[in-house]
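There are 2 protein chains.
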Amino acid sequence: MNAHIAPVDLAKAYRLLNHGPTVLVSARHAGVDNVMAAAWACALDFRPPKVTVVLDKATRTRALIEASGQFVLQVPTAAQVDMTNAVGNVSLAEAPDKLARCGVELFAQDGVDMPFVAGCSAWLACRLIPEPHNQDAYDLFIGEVTAAWADTRVFRDGHWHFEDADPRWRSLHHVAGGHFYTIGDPLRAGAE
Amino acid sequence: MNAHIAPVDLAKAYRLLNHGPTVLVSARHAGVDNVMAAAWACALDFRPPKVTVVLDKATRTRALIEASGQFVLQVPTAAQVDMTNAVGNVSLAEAPDKLARCGVELFAQDGVDMPFVAGCSAWLACRLIPEPHNQDAYDLFIGEVTAAWADTRVFRDGHWHFEDADPRWRSLHHVAGGHFYTIGDPLRAGAE
Chain P
1 MNAHIAPVDL
11 AKAYRLLNHG
21 PTVLVSARHA
31 GVDNVMAAAW
41 ACALDFRPPK
51 VTVVLDKATR
61 TRALIEASGQ
71 FVLQVPTAAQ
81 VDMTNAVGNV
91 SLAEAPDKLA
101 RCGVELFAQD
111 GVDMPFVAGC
121 SAWLACRLIP
131 EPHNQDAYDL
141 FIGEVTAAWA
151 DTRVFRDGHW
161 HFEDADPRWR
171 SLHHVAGGHF
181 YTIGDPLRAG
191 AE
Chain E
1 MNAHIAPVDL
11 AKAYRLLNHG
21 PTVLVSARHA
31 GVDNVMAAAW
41 ACALDFRPPK
51 VTVVLDKATR
61 TRALIEASGQ
71 FVLQVPTAAQ
81 VDMTNAVGNV
91 SLAEAPDKLA
101 RCGVELFAQD
111 GVDMPFVAGC
121 SAWLACRLIP
131 EPHNQDAYDL
141 FIGEVTAAWA
151 DTRVFRDGHW
161 HFEDADPRWR
171 SLHHVAGGHF
181 YTIGDPLRAG
191 AE
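Sequence order for the protein chains is P and E. Each step along the first sequence adds one to the number in the working numbering, with nothing skipped, and position 7 is 7. Each step along the second sequence adds one to the number in the working numbering, with nothing skipped, and position 140 is 140.
Treat the hints as calculated values from the structure; they're not laboratory data. Take the hints with a grain of salt, since some may be wrong.
Unchecked claim - Here are the simulated distance ranges between beta carbons:
(1) E/Ala100 with P/Ala137: 37 to 43 angstroms
(2) P/Gly111 with E/His4: 51 to 57 angstroms
(3) E/Ala67 with P/Asn2: 46 to 52 angstroms
(4) E/Gly158 with P/His161: 31 to 37 angstroms
What the hints assert, rightly or not - If you want a taste of the chain E side facing chain P, the calculated C-beta under 8 angstroms gives, among others:
(5) His19
(6) Pro21
(7) Ala78
(8) Leu106
(9) Leu140
(10) His179
(11) Phe180
Idealized CB from N, CA, C, for every residue including glycine.
Please take these sequences and the hints and turn them into a complete structure.
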């Protein structure tokens, strides 16, 4: 494992998503790995930490999650904007070499049988909390975060450090059609 | 109504939230108005547009939404960081003058009996889709967006224009404890 990657206290895991980044969703089942992009992912609870993510019925990643009962949310960086956009637009069903074609490099975390995307800033391993009505009616999936990690070059001591890191570490915030914003400058309430 | 405020096509309404801003949630019931901050709000569907928002059982705004069946999500600006943080930390139950104390100015939109927060960049009027299990088990509320508006100084023609607007119009992205980031620079996939 990359020496810069460190575990994140589960009590602070919500902070990895709290600022609303676009995420990558990855999953594995029966030897098949897939990765997709999702702007519609959100923190849901602090303790235990939970998340929501919207997964269209057309996605192969959704089928892998339904079959395996687990998934990873990871926070891609500005350096990964082309890969992030590509995995959101290429389907594994149509392109069996999707991950290679999109430039996705996977790595393993000890003790977790799921694919993690290299180069991201943070990773949340999640156990699916089955909610068939939400999944069927709204494409809405709920997960409990069971472990989290971050790259200490941009998240450490429970805080993002975008302002001190290389700009290539900034999170991506998708609007539409490949148009993203990166996260900007810190602003503290009551600072004036 | 402020001459800069224009309706947003419902097909584009998801773009007001897609980049993950912290929002203000407002509601009215039986003559009582309230406003709270929420970082855990997210787009859920395109057509009709739907949203999710997490509302703690301790909040008065939640009770107003459960009673009235409707709410507004609005996108506050960097200029409103102190107000946004204040409405997220002061409870109407403890401070009946909460809105005045926090510096919230409300306005009306024609034909909608809900309180809208002045000075924001965008507003989504929502009809609650009752889902008692989600509300009870997860504090998770689902709404259908019935109308949307934006301030054309920062959102027009279906697109955010943060890069051309005064920096005080940038959206807020809360991490924890009054620490926010503003949205940053545009980044287009495939631009290199």
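> Which of the listed hints are broken here?
Replying inline: 8
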